[in-house]
Amino acid sequence: MTHYLLIESRDPFESNDVSYYYQLTKDLADAGNEVTMFLVQNGVLAARPSTRSAALSALGQSGVKILADDFSLRERGISKLAEGIVPAPIDVIVDYLAAGHKTLWH
Amino acid sequence: MSKKTLTFALMDAPYESANLTTAFRILDAAIRRGHDINVFAYEGASALAFVRQAPHPNPVHGKNVAEENHPTTKEQVAALLAEATRNGGKVDWVNCGMCVDERGVNEFVPGTRRGSPADFQAFTEASDNTLVIPTK
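These protein sequence lines are chains V and D, in that order.
The first sequence begins at 1 in our numbering and counts up one residue at a time.
The second sequence begins at 1001 in our numbering and counts up one residue at a time.
Calculated directly from the structure, the hints in this document are not laboratory data.
Hints may be right or wrong, so weigh each one.
[To be verified] Listing some non-contacts, in silico: residues in chain D with all C-beta distances to chain V over 10 Å:
1) 1057
2) 1062
3) 1071
4) 1076
5) 1100
6) 1104
7) 1111
8) 1117
9) 1128
[Said to hold, decoys possible] Once the Cα atoms are required to be at most 16 Å apart in a straight line, the calculated EDC-like pairs of lysine to aspartate or glutamate come out as:
10) 65/V / 34/V
11) 1136/D / 83/V
12) 1003/D / 95/V
13) 65/V / 83/V
14) 1004/D / 1036/D
15) 1136/D / 17/V
16) 1004/D / 1092/D
17) 1004/D / 11/V
18) 1004/D / 1028/D
19) 102/V / 1067/D
20) 1003/D / 91/V
21) 1004/D / 95/V
22) 102/V / 34/V
23) 102/V / 1128/D
24) 1004/D / 1125/D
25) 1136/D / 95/V
All C-beta atoms, glycine included, are put in the ideal place defined by N, C-alpha and C.
Using the sequences and the hints, build the whole thing.
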C-alpha cells in the first residue's frame, strides 16, 4: 500500500480542475492506497456545507481522510464543516512528507 | 520523528500568490521540527531572496514606513535561515541562476546561493521527500 497526500489549494467554485483532482484522489483510494486530502487556501471553501461539499464528503466515505488547514479556515471565517472534514494544522504536511507520503500540490 | 531532509520547489513571485504564504508556513513548520531543508527557488520565486527589496509607506492610510511595517520576502527568507540555525537544522536555499539574471535580482540574502535545475535534481536524489508548489 502506498501513502499519498494530495494538497488542494483551489476553490471548486472557481476552478473546474478541482473535480478532476477529487477524482484522482478517489481513484487512488479505490486502487487500495491510503490517501489523505489536505485542503488549504481557497481549497477550504469546499469544506463548508454547500453544493460542492457533497463531493468531498463522498470522498470521505470512500476511505479518504480529509483535512482542512485551520489557518485557512480562520482567515475565511469558516467554523462549520461538512461531514467527514476535520480541521488540521499545517504541520501535518511536514509530518506526512517526513513519513514518506507521496505528496502532490494542486 | 527522526530528522529528515525535505526538498521544496517554489515558483511563485513575491507578493502575488497565497501559495507563498502557505509555502513559508510549511517551511517554518519543517524547520521548527529540526528537519534539514532544501529550497529550489525557480522562475518568479527566484526573487524571494532579492536583497534590495525595500518596505514602503502607505500614503492612502497615512502611514510611514515604520508604521506600515510592510513585510518583505527577503526578511522572511532570512528569518527562516535564522530559525534553522537556532534549531540545529540546515537550509540550502538555491536561487535559479538564469531566472535571477532574467529578472535582474541576482543579489541574494546571505546564506542563499545561485544554482540551476541540476541542484534541484541533486536535492531530490538526496532527500527523503520532495514537494513541488507550482504556479497556477
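Taking the hints in turn, this is what the structure says about them:
no. : hint            : in the structure
1   : 1057            : 26 Å, holds
2   : 1062            : 26 Å, holds
3   : 1071            : 16 Å, holds
4   : 1076            : 15 Å, holds
5   : 1100            : 23 Å, holds
6   : 1104            : 28 Å, holds
7   : 1111            : 21 Å, holds
8   : 1117            : 18 Å, holds
9   : 1128            : 7 Å, violated
10  : 65/V / 34/V     : 9 Å, holds
11  : 1136/D / 83/V   : 29 Å, violated
12  : 1003/D / 95/V   : 11 Å, holds
13  : 65/V / 83/V     : 12 Å, holds
14  : 1004/D / 1036/D : 6 Å, holds
15  : 1136/D / 17/V   : 11 Å, holds
16  : 1004/D / 1092/D : 14 Å, holds
17  : 1004/D / 11/V   : 32 Å, violated
18  : 1004/D / 1028/D : 14 Å, holds
19  : 102/V / 1067/D  : 44 Å, violated
20  : 1003/D / 91/V   : 15 Å, holds
21  : 1004/D / 95/V   : 10 Å, holds
22  : 102/V / 34/V    : 10 Å, holds
23  : 102/V / 1128/D  : 11 Å, holds
24  : 1004/D / 1125/D : 13 Å, holds
25  : 1136/D / 95/V   : 25 Å, violated
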